[in-house]
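Colleague: Sequence:
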Amino acid sequence: MIIRSDRLMTIDEAAYYLNLSPRTIYRKIYEGDLLVYKVGGVWRMEPLLVYKYSRQNKRTRVIQNG
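FYI, the numbering for the sequence shown is 4 to 69, going by the working numbering.
For the record, the hints were derived by calculation from the structure and aren't laboratory data.
Note that this is a predicted model, so its numbers are computed, not measured.
Be careful, since some hints might not be right.
[Stated by the list, open to error] Okay, derived cross-link-like pairs now, DSS-like style, lysine-lysine, Cα gap no bigger than 27 Å in a straight line: (1) 41 x 55; (2) 41 x 31; (3) 55 x 31.
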């Protein structure tokens, strides 16, 4: 999936990109791990922040396995 930086992502798009369930995305939001914006009553996510989260998450897994 290519991340477009010119528009905000939906929860479902972020879940697909991160290979997580939407439920897990909501949990990460409530835990403060992911930032969302409410646009027209719908939560949206900044693509760059989703990308950074995915990179940070990969690094964490590698360190834990090492």
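Colleague: Which numbered hints are broken by the structure, listed smallest first?
Modeller: When the structure is compared with the hints, none of them turns out to be violated.
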